Structure formats: C-alpha cells, structure tokens
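Heads up: the sequence shown is residues 1140 to 2302, going by the numbering used here.
In short, the hints are calculated from the structure, not lab data. Bear in mind that the values here come from a model prediction, so they are computed numbers and not experimental data. There may be inaccurate statements among the hints.
[Stated by the list, open to error] Here are the simulated lysine-lysine pairs, DSS-like style, with alpha carbons at most 30 Å apart:
(1) K1756 with K2008
(2) K1239 with K1215
(3) K1800 with K1495
(4) K1564 with K1239
(5) K1215 with K1755
(6) K1800 with K2128
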Amino acid sequence: MKGPASELEARYRRGISEAAGPALLSGTQALVRMLLAQAEKDRRDGLATAGFVSGYRGSPLGGVDQELWRAGALLKAADVHFTPAINEDLAATAIIGTQKVASDPERLHDGVFAMWYGKGPGVDRSGDALKHGNYYGSSPHGGVLVVAGDDHGCVSSSMSHQSDMALMAWGMPVIHPASVDDYVRFGLWGWALSRCSGLWVGFKAISETVESSVSMAGPQLDEIEACRFAAPEAKPGPDGLHWRWPDLPGPQLEQRMRHKRAAAIEFATRNPLDQLLAPVSQPRLLIAAVGKAYGDVMEALRLAGLPLRKLAEHGVAIAKIGLVSPLSPQLQQWARAAVEVFVVEEKAAVVEGLLKDSLYNLPLLERPQIIGKYDEKHDPLLPDDVELNPELLRTALARLLGRLGVPLAAALRPQLHIVESGLPKRTPYFCSGCPHNTSTQLPAGSRAQLGIGCHALAAQIPERNTSGSVQMGGEGVDWIGHSPFVSGAHIFQNLGDGTFFHSGQLAIRQAVAAGVNITYKILYNDAVAMTGGQPVDGSLSVAQLTRLVAAEGVKHIYLMSPAPQLYRLDQGYAADVQVRHRDQLDAVQRELRELPGVSVLIYDQVCAMEERRRRKKARPAPARVKMLINEQVCEGCGDCQKKSNCMAIVPQETAFGRKRKIDQESCNSDLSCLRGFCPSFVSIRNAVEAPPPAPALAPRILELAGTLARPETSIGDAPYEILVAGVGGTGVVTIGGLIALAAHIQGIGVRSLNFTGFSQKGGAVRSHVRLARDRDTLYQARVGHGRADALIAADLLVAASQETLGVIQSGRTRIVANLQELQIGAMLRDEAKRIDIEHLRAILQRQAGGVPLQALQAHRLAARTVGVKYVNVLLFGYAWQQGLVPLACEAILAAIQQHGVEAASNALAFACGRLAAAAPEALEQLLSPDAPSAPATGSAVERYAAYLEAYQDAAYAQRFRAWVERAAQAGQRLGSDLLAPAVAENLFKLLAYKDEYEVARLLSSAAFRDDIRRQFGPRAQAVLHLRPPLLPERWRRHEQPRTIAFGAWVFPMLRLLSGMRRWRGSWADPFRYLRDHRAEREWQQDYLRLLAQLLERTTAATLPRALELIALPQLVRGYGPVRRQALAQARQRRLTLLAQYEAPETPPAKIIPIKTATPRQSP
C-alpha cells in the first residue's frame, strides 16, 4: 500500500516506456496529462512540436487553469505553453495562430498542437472564431482539440448546455468520452484526426466526467499513451486540407470542407474509436450507447445481472459510441446488421438522427428499426431534458429486453423510494464577509439586475429586488430595450470585475451610446471567486478601471470601499472620481439614481474567500480584528444578521434562550455585523486564538487510537458505494477525495464524483465514491438510487433532501450523522426560523429502516479537540471506526499525508473521531481529566431569580417568585402544568430588561473579561460598540442608526454605572425620563395587569390563547429602534389575541382592554 512518491509524477509521468503504478486522475487532470502524452508521443515519433493551451475558466472546467499552473514545471519541460485568455473567443483566435506556425518560414517547430477550453456558453460566444479556425484548418503536425465543458444538468450554469449541435454546425468532428478512462486516448485520437483531416475536433467534457476521478492502472495508461494511429491514404483534394497562405475568402473554403470530412471518415475507418462489446453476427437488438450514457447502460445491465455473454445469447449487442459526428462507418455497418437499434444518448438526440439519415435510403427489408428518444410508435422512451441514469433506463431496457425473452433481475424493475417534501432547502449563499453582501444592497424603491458572478445570489433575497438574467457580457444592455416601455426611469446593474474584463466593458459602451439611465455597480473583488479565486487574466487595477469607464464616456464615477483613506486620486485615477466609505452606499445610490445617463459605482473590496487564502499563505499571518458577541447582552433579535446578512453569525442555544454568536472559523472580519444596533458586539484587537486542547495531547490521542480494535469490513463482488453529504466549503469534497485517494493507495478500484462551482457556495454538496475489487465493474461514479452502502451525513438538512434520500435503501444503507444545526440563508432574515434536527434525524432513520443511525455532536467535539475546521475529518474517523468505509487505516493515513494540507491536524482529527466512536469515555478523560461531575442543574425559576437578584436586588427576585407562585396556583386550578413555566420564562424576559445599567454590568463583569482572555490571549484588547442614550441614533438622513466604538478607557465608567443600578427607576435615575425607558415601564405595567387578569379568569377553554398572551414578551427583543419596532408589533399582536380570547365561542372571561401607550419624546 505504498503511495506514489510524488503526486504530480504519478498523474503526469512523462516517460511512456517507464514502469509505473496506477494513477488517480480527475477529468481535469486527464486533460493536462493528454497534453504531456502528446508532447512525449511526438518526441518519440521524431517530431519537434510544441503545445499551446488557451481558454477561459467556467464550470465544469473551472479548475483547468489551476491544474495547468500546478503542473507548470512539467509543461514547460515538455514545451507546452499555457496562456489563459480574457475571454473564450479571443482564446480561439489565439489558437488559430498556432496552426500558422508550420507554414511560417521563421518557424521554430514542426507544428504546434493546441487545446482550447471553455464551458458551453463560451462555445456559443466563440462560434465565429471557432468556425474560422476550423474552415481555414489545422497544420499537419499541429492539430486542435476544442474542449467543450457541457453542464448537462445545469449544476453551475444559467442554463444547461449541449455543444454537439453547435460544433457540428461549424463542421467539426465531435468526440464524447464515456469517462475519465477515455480522456487521454480520445485526446490523442482527436489530435491525430485533426492533423490528418485539417479539421478542428470537438471534445465533450461534461460535468459527470470532467469532475469525476478514477484510479487507472499503469499498464493501461502505457498502452493508451504508446498507441499508434494508421495514416489513411492521402486524398487532399485540389488544394490540400490544411492551413496555408494565401487563402483568400471564397467558395474554396466550403469546397475544401467536403474533402476534410472525407479524410475524417477515412481516419475513423482506419482507427476505430467506437467499440462493439458484445459481438453478434445478426443482432436482434443493438444498444448503441453514446459517451457518458455507456456507463449508465452498463450499470443498469450490471444491476440486472446481465453480463455481455448472456446478452449475446439472446441476440443483443452493445456498442460503445465515442464518435458523435461524423458517424463512424463501423456504427453504420453494425446498425445495418441489426433488426433494431436502440440509441441511448443524454439530452437531445444527435447520433440517433444522424443514424436515421444515413440509413434512410436502404431497402425496407435491410433498414433496421431505429429508436431512442421515441419508440417505433413514436411514444416517449427516453427523456431529452434531464441527465440520464440507470434508474431512468430501467423501464426502456426492461421493455426492450423483455420482449426478447431476456431474464431480468428485480433491479431493472422500477423501485419506489420514500422522499420527504416540505423541508427547507440548503441553497448557495454569500460567504461570510463577502463584499457582495453589502454591494448588492439597494435603496428603497430601486431595483437591480443580476449578472454572471457570485453577486447573482442577491436574486434569492427578496429585499434586494434583483432580477433578470442575460449572457455574460450583456449586462445592462437589455435595459435599452426595456426602459422605453415602462414607467421606471432608472435601474442598477451588477457587474463583476472579471466579467467587465471578459466582455462587460462593451455593455457599458453600448449603454452610453444609447443614453439610458442606468448605474453600473462594478463589484471589484480582485479574484474570480466562482471558480476558485483565480486572478483576472490581465492587469486591471481600480485606477485603470476608473480611467476605462471614463474613456467610455461615463461622467459620474463613485468609488466605495471599507477603507477610502487608502486611495490617492492623484495617482492614476480618472478625474472627478468621488471616493466614499461603504457605509454611505445608500446615500450614494440615492444620488446616482437621480442622475441622467450612465453612471458607475465601483465597489472595491477583496473577495472573502480570496482574503482567507491570502491570510493562510501569509507568514506570519497578518493581524486582524476579531469579533465577539457577549452572549448575555445579546437579545437574540437577529438585527445583526439582517443588517449584515453574514453567515458567520450563528444561533446559539443558551439557558436564557436562543442568542447569537460569532463562528470564529467562518468569520472573515468584514465587520459589517457592526451595522446591527446592539451593544453586545465587541471587537478584539491583538487577538491570538487559543489553540484547541487536542494538539497538546496529540501523542496520547494517537497512541490511544492505535490500540483500538479495527472494524471488520470488506468489499464484496458488487461495488461498495459511499455518499458524503454536507455544506459547500466545509470539507465535504475533501472527505470524498481522501476516501478515493486511500482506495487508490490500497490498490482498490475507485471512481468518485464531485460537483464544484458557483452553485455549491454554502449550498448542498455531495461527494460520490464507489469502490470495487475489480475496476472494470465501476461503470459510473455517481451513487445510484437505493444503492448507497454508507452515508456520511455532515449536514442533516442535505442528508434529508430528496436527492440524498433517494440513494438510501432500507435495511442496507448505514448512516453516520452530525447533529449540529447549520443555519441556512433564510434564517438570517427571519430569526424565528429553525431547523428541526430531531425531525430530520427521524426522516433518515425511517428511510434506513432497521439499520440504526449513528449520530454525534461532531461540532461540539471538534471545538473541544482539534477545532471546528476539522469537523468533517473527525466525522470521517467516526464513520470509519463504525465500519462504514472498508479501507485500511494505514491507507487513509497515507492519503491524509499525501493530500498534504495540514496533514498532522487532519490525522489527529481522524483519530479523535475513531475514539469518539469506540472509546468516548477515554477521550473525555483525556480532555477533562480533573473535571468534576456536573452538578445538578437548578430549576429554571431559581436560575431566573438568581439572575434578577444580581440584576437589581433580592426584593426584585422575590417579586418574580411571587408571580410564578400565583401562576402555579392558577395552573393547579386548571389542571395544567404549562402555566407556571410560561409565566416564569416570559416574566423573566420582561423584568430583566437590558437597560444601560444592565448592559454596563454584563460588559464589565470579570467573567466576560476572563472569557476574552481565554479565547484570544492575555494581550487581547476589547473595543465596545455602544450608543450612549443622550446622543442621536443617526447623524445623517437615510443613515441607519449605528453604534460608536469605545476603547478600554470606558470599562471603569461601565463598572461605575453598573454600581448605580440600585437607583434604577427612582427619582435619582438619570435615564428614567428617556422615551425608551418610559415605554418600557408602561409595557411592564400593562403586561402585569394583563397577567393578573389572565391568572384569575382563564379557563381550560381559554388556556391556549392565554398562553399566547403570556408569551408576548418574547416578541420584544433588541435595542433602540429595533426594540421600539418590536414593541409596537407586540402591542398590536396583544390587541389581536385579546379579541380572540374574548371571542363569543369561548366562555365569558371579560378582560378590561388596556390602552396602547404612545411614548412621548424625551426632552
């Protein structure tokens, strides 16, 4: 189980004849390997060639450039040049230049083989360049491969794409590899075809293959990379097939294409790409599976227990089709010999139509029946608008094979799976500290249009009033056709800096030319965050950006930033640029929407993820401000979440209700949370986070884990299928990758699939891993419906979604789950929203049937041991120890080492997870050797009373107890035990009103200071964010109320103020005449009068409504304007509930209405 010495050497070994072990390759890595293989092949053939790669990133090809940079040294040694382009059509134009080299008298090489890459929309926009390149041709020792990244399932695109038809319309041959195994062979074949025919060759790299990984045997790779292609007899036509000059525009280009196509067909005849897997001389049925659909067909047949031998006995042949267009002569020959041909291809029918056209003129008795999307009666057979999978093929295969007498296993018959509906969705969301969180906000009454980029997430936030979708580079131009016919006079258009550099600048030029009223918000974040944080492909500083838009004729340019003091406008900026702090965004936008014509607002703030990457790389790590919420001061109102929309502010259940805390691992120190009007926020300077305890105990933990019994696991004859389900950005893909790498190291066949890109930012992510003793039985990477052997549920909400539930089979699937509640975006805007963990757990257990679900509080354990960032590796260790992952521990630890990212910490997290599963008591003893047993928790009433005594005095606490006792007596009268707890909880909330004295007491407490030192070190300096009551809440019109920062000098004053709390409410209280205090006193008095009447007059019939009235204090949360608004709403709610309480259908229990107080303004 010795792993490769070098990951790069294993993936990209250049010497074809050198002995090599297996290589674990992703589709993206296979694209890089095929470049190196072509360079090596040419060298062996005595050709002095070079390679060239250009394109533009975009899911599913979002990581191609990063992988090329990673292999930069190997590519340079192979003379392969990588030049990323600013957009796809200019990349294609650069590729045209490579094919001129062979005919250039100053050439340095015999030719240049080239690869263009781009996602489906990039194929579309590059049509003119690609068509020109294809028509003018390739060179004899060059060749061009056009890699089209097709997102068939619309996983990370504005719409799904199928580039076959476009490439065919431009005259290109199209090849479609079925899996990563085919990539290198197909790539070499494609370049050979391009050299032979003079055509550019389209290469379909769909999400399902390019984002999957496979372990390939060394001999298999050697055989592929050492392949030779037979050169067909040269038939160049009257003027040749390749690039030449002069070659002026004229009909000869089209005439030459006829000869090129003939050469391509001849090459395909001599070098067949299609394969017949179950040869039958005169098949009754030929199943022609195209590209990725081949894996779906073979997996469906495997599940049905139908090997190729048994199919052949019943006259059924299987053809694996890789050449989409032109049709291979072999396929046409096989089809002519069959009675019926069933063409299986994903999305729209291409091969099916071409095959029908090619055989249409055969005599009726010689012409096979060809079916695919529709059967012979034109009834639907296969869908053309979804991704295929073995389950979708069941009905069609069962029907066709059944009428041939082929015995079918139950697996081919449709199966039903219980699915849960009505659950909240985990959708993608802004990262913590994302600049788009602020930049996409709008003033009241305005609307915006989205564009391509992470900022499009604003469309799912109703308050942002953001809609519309156009192609990349067309942002805002649709307003030219929209605006003359609507009453709205202005719109904001969001535009990323990457899109601006790609093609968006022309959109601004068009808007200026049209004279429409529009404000472009150019969101400058210094990275292409959607695809991995790559830099913009070229130089684009903020100063350059201002000059570019000014040169386009934009007169009004505003520059906004969290640090406006850093800009020096005399150093290369356009004239008349206005610089403002981001806090003035609302006011600036109000000004811009009133200006005629085109204006530009540049919002400059680094992408949050890129900021994190830079901090990780920096040594030493740069100092930054950390945020902390004082749990006791927090009211749980959610105003901070609403104002910042930040996912780093998470719910925290406490003995005093649901509060908020800062997730320090997620927090990016954006500080937008300070927009919340709340004194609980404390910023910490000179913070040094205390390390978790586990690293100090690492030797003992690892030693103890080494003594644990190993689970008895094995992989049977069928593949073993694992699904990891969780939240994007938390390491779900890492766990899938570690399992795949460990299997590869152990010599076990593996396929894995991870979907990455925009749609996974904080949304649902699933990593599919399939293991097998025999690699040849792994036909696909995706875990099938009802086929999972193990589910590692890193997030219960994703695990309980329909897509995940579908893979669970009752009585088979074992599940390990993390019980942590991980919030969703909707919870930021509605503090009442909850995720019912127990309900989700019950759904999974019901789906799993009799197999017990294993669960743990992984976040809590990670926080106490290795740190929350390693929580999913800890969960992985727990799952492994429970026997869910049938791989050797040594292989997994080797994979962690080879992965190379914080290997020691990840190995420790894996060990902690194992201990949590097999020896939780021993782990607890290690972590807390001297911890006494937890004391019995007192009653809630006494806990509340103790707090109120510290809040005011013993008499105040006794007053509370008396009310609770009255409630208990009323409950006895009604025979209900609900009344007293409800009164205790809500009366406490009412009496513990956090006024200036209480906030001062809580913030200046020794316990809070100790907590700061414990979390952030002894040198940590706390800065409080308060709004003294005698100051106005806002300085400017339209400005949101804000707090003010106070340094350490304020703590003695707070302690002094805390000591004055005995004056609360007396004539000496300096705050008693302020409007908020008067309103609070009136609210308390009203509530107590109401409570007295409820306790006296409530009956069993009116008890439910009475409990709602008693709970009114829970509606009043927050500080200042937030609390005032909540109080007004609570008063209105009280009137509604009172009317219902006194409704005629309830027994008469007349309660005197209490007037709604209108607080007077403070003097």
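So, going through the hints one by one against the coordinates:
1. K1756 with K2008: holds, 17 Å
2. K1239 with K1215: holds, 21 Å
3. K1800 with K1495: violated, 64 Å
4. K1564 with K1239: Not OK: K1564 and K1239 at ~53 Å, beyond 30 Å, violated.
5. K1215 with K1755: Distance of about 28 Å is within 30 Å: holds.
6. K1800 with K2128: holds, 20 Å
Consistency note: the structure conflicts with the earlier hints numbered 3, 4.
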